[in-house]
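Chemist: Line by line, the protein sequences are chains U and E.
Throughout the first sequence, residue numbering follows this note's numbering, covering 1 to 237 in sequence.
Throughout the second sequence, residue numbering follows this note's numbering, covering 1 to 237 in sequence.
The hints are simulated quantities; they were obtained by calculation from the structure and are not laboratory data.
All figures in this text were calculated on a predicted structure; none of them were measured in a lab.
Beta carbons: idealized from backbone N, C-alpha and C, even for Gly.
Among the clues, some could well be false.
Claimed, not checked - EDC-like, lysine to aspartate or glutamate: derived pairs with alpha carbons at most 16 Å apart:
| # | chain 1 | residue 1 | chain 2 | residue 2 |
| --- | --- | --- | --- | --- |
| 1 | U | K200 | U | E221 |
| 2 | E | K178 | E | E100 |
| 3 | U | K178 | U | D163 |
| 4 | E | K119 | E | E20 |
| 5 | E | K141 | U | D163 |
| 6 | U | K141 | E | D38 |
| 7 | U | K200 | U | D215 |
| 8 | E | K119 | U | D120 |
| 9 | U | K188 | U | E69 |
| 10 | E | K32 | E | E97 |
| 11 | E | K68 | U | E229 |
| 12 | E | K188 | E | E177 |
| 13 | U | K68 | E | D120 |
| 14 | E | K212 | E | D163 |
| 15 | U | K218 | U | E177 |
| 16 | E | K200 | E | E221 |
| 17 | U | K119 | E | D120 |
What the hints assert, rightly or not - To give an idea of the chain E side of the interface with chain U (calculated C-beta under 10 Å), a few residues:
| # | residue |
| --- | --- |
| 18 | R62 |
| 19 | L140 |
| 20 | C227 |
Number of protein chains: 2
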Amino acid sequence: MEAEPIELQSVHPLFRSHPEAWREIAANVRSKNTQKDDVILHHGDPANTLWLITHGWVKLSRQTPDGKETIVGLCTAGDVFGEAALFAHASYPYHAEVLETGTTLVAIPGDAIRRLIGKDAALSASIMSLLNERVAQTQLKLEHMSTMSTAQRLGCFLLRLCDHHTHSGQSLQIPVEKHLLATFLGMKPETLSRSQHQLKSIGVDVNGSHVKVGDVTKLREFVCNSCSESGSCDADE
Amino acid sequence: MEAEPIELQSVHPLFRSHPEAWREIAANVRSKNTQKDDVILHHGDPANTLWLITHGWVKLSRQTPDGKETIVGLCTAGDVFGEAALFAHASYPYHAEVLETGTTLVAIPGDAIRRLIGKDAALSASIMSLLNERVAQTQLKLEHMSTMSTAQRLGCFLLRLCDHHTHSGQSLQIPVEKHLLATFLGMKPETLSRSQHQLKSIGVDVNGSHVKVGDVTKLREFVCNSCSESGSCDADE
Chain U
1 MEAEPIELQS
11 VHPLFRSHPE
21 AWREIAANVR
31 SKNTQKDDVI
41 LHHGDPANTL
51 WLITHGWVKL
61 SRQTPDGKET
71 IVGLCTAGDV
81 FGEAALFAHA
91 SYPYHAEVLE
101 TGTTLVAIPG
111 DAIRRLIGKD
121 AALSASIMSL
131 LNERVAQTQL
141 KLEHMSTMST
151 AQRLGCFLLR
161 LCDHHTHSGQ
171 SLQIPVEKHL
181 LATFLGMKPE
191 TLSRSQHQLK
201 SIGVDVNGSH
211 VKVGDVTKLR
221 EFVCNSCSES
231 GSCDADE
Chain E
1 MEAEPIELQS
11 VHPLFRSHPE
21 AWREIAANVR
31 SKNTQKDDVI
41 LHHGDPANTL
51 WLITHGWVKL
61 SRQTPDGKET
71 IVGLCTAGDV
81 FGEAALFAHA
91 SYPYHAEVLE
101 TGTTLVAIPG
111 DAIRRLIGKD
121 AALSASIMSL
131 LNERVAQTQL
141 KLEHMSTMST
151 AQRLGCFLLR
161 LCDHHTHSGQ
171 SLQIPVEKHL
181 LATFLGMKPE
191 TLSRSQHQLK
201 SIGVDVNGSH
211 VKVGDVTKLR
221 EFVCNSCSES
231 GSCDADE
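The following block holds chain U by itself, in its conformation from the complex:
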């Protein structure tokens, strides 16, 4: 972990569209380089810091009393977590753990951002919009659990990794271990294997963490036909 000056362009779109807020907050902000398995925050801890990811992957998870883990988020560069810090006296609703060494985070003290929100109506409007977007994403994921087959859910995850400007063959890298991906997608590891196999028939080849997508349009047709946001989500740009 080390402190270093942070450039506006490397932080979240929220601050790129509110440079005056960033100027005010930048002195209180620090960057953190992390290792695989570093725990950033615990479920139930007082929420005093908002985190932005500038590089790498972070897992947000929760544990049930009877010992089951659920993954509520797999976050990467550009994502925010710990939004509970936007609210006084809130606690984190999940555990956050670094998935790969070299992941870099930006820590914003909750009290500094709450002070800013209190006096900057445009910033609070942007943050409301961010929270609303988070509701929409979570509702969509919930919908997919009911309407999509497991192969479609895996396909949707892969679509989000695709470069949507290239329509021919693409090589992707699944950024997390297989058992984590299965938990995130709400299926058992053996179901994930079966789903990988099913995707072969539409030209998607999964080999360990390496994926070849022969035809993005074909994959999109297979997946998005069972999604009510078909045509307007970020996997579909």
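Start from chain U and add chain E according to the hints.
Modeler: Below, chain E without anything else, positioned relative to chain U:
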């Protein structure tokens, strides 16, 4: 549909804690009495009104291109829907339909509330907190799809209908038709029937829309042991 003056105490806690905002907005607000199957808003329509329910039940749903319906919310008195109206140029992310005749709604024009938010920092903080609560509820529902059995998911729904100050036998009324409840809980109607049968062994008797819960504590133990929010959600007060 008829216009009538609306008392502060019948509206949302949001306005009860911001009476000055309510005073400013009340003149623009109207109450609406609705019939079963009335459509309040369509998925994709420009979001120009925020709705509060003061009595009855409303279904929020979406449709996939291949014809599957998902229910993203079953809302009742005290609930808000159409939050997209908080944001300029947003559209509704679902269809809203009245489930029972006599359901009463309060309509708040989006532009009026957006103007208020722009000048009232305390109101925007409360609305942010409301949106954050919505994220948390949706994430929890998503978690339940992975960690809970179908009988536990039905049990969780029933727990939320229970009076948590009465610990002995309780009679409940399931407020929606069986096929809707099944869709809302992400299961097939036949799975819902099986789940009802399973709950018998812990003293929960479902007979049509009538439910008898012999021992709330026993039901809570059965359900909440597989929930990471065990002990802190509103079904557990």
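Chemist: Each hint should be assessed against the structure and marked as holding or not.
Modeler: Hints and how they fare:
1. U/K200 / U/E221: holds (15 Å)
2. E/K178 / E/E100: holds (14 Å)
3. U/K178 / U/D163: violated (22 Å)
4. E/K119 / E/E20: OK: E/K119 and E/E20 at ~12 Å, within 16 Å.
5. E/K141 / U/D163: Violated - the C-alpha atoms of U/D163 and E/K141 are around 31 Å apart, more than 16 Å.
6. U/K141 / E/D38: Since the Cα atoms of U/K141 and E/D38 sit roughly 28 Å apart, the hinted pair is violated (cutoff 16 Å).
7. U/K200 / U/D215: holds (12 Å)
8. E/K119 / U/D120: holds (9 Å)
9. U/K188 / U/E69: Between U/K188 and U/E69 the Cα gap is close to 12 Å, so the pair holds against 16 Å.
10. E/K32 / E/E97: holds (13 Å)
11. E/K68 / U/E229: holds (13 Å)
12. E/K188 / E/E177: The hint holds at about 13 Å.
13. U/K68 / E/D120: violated (43 Å)
14. E/K212 / E/D163: Status holds; Cα separation ~12 Å.
15. U/K218 / U/E177: violated (26 Å)
16. E/K200 / E/E221: Holds, at roughly 15 Å.
17. U/K119 / E/D120: Roughly 9 Å separates the two Cα atoms, so the pair holds.
18. R62: Since the shortest Cβ distance to chain U is 4 Å, the answer is holds.
19. L140: holds (9 Å)
20. C227: holds (6 Å)
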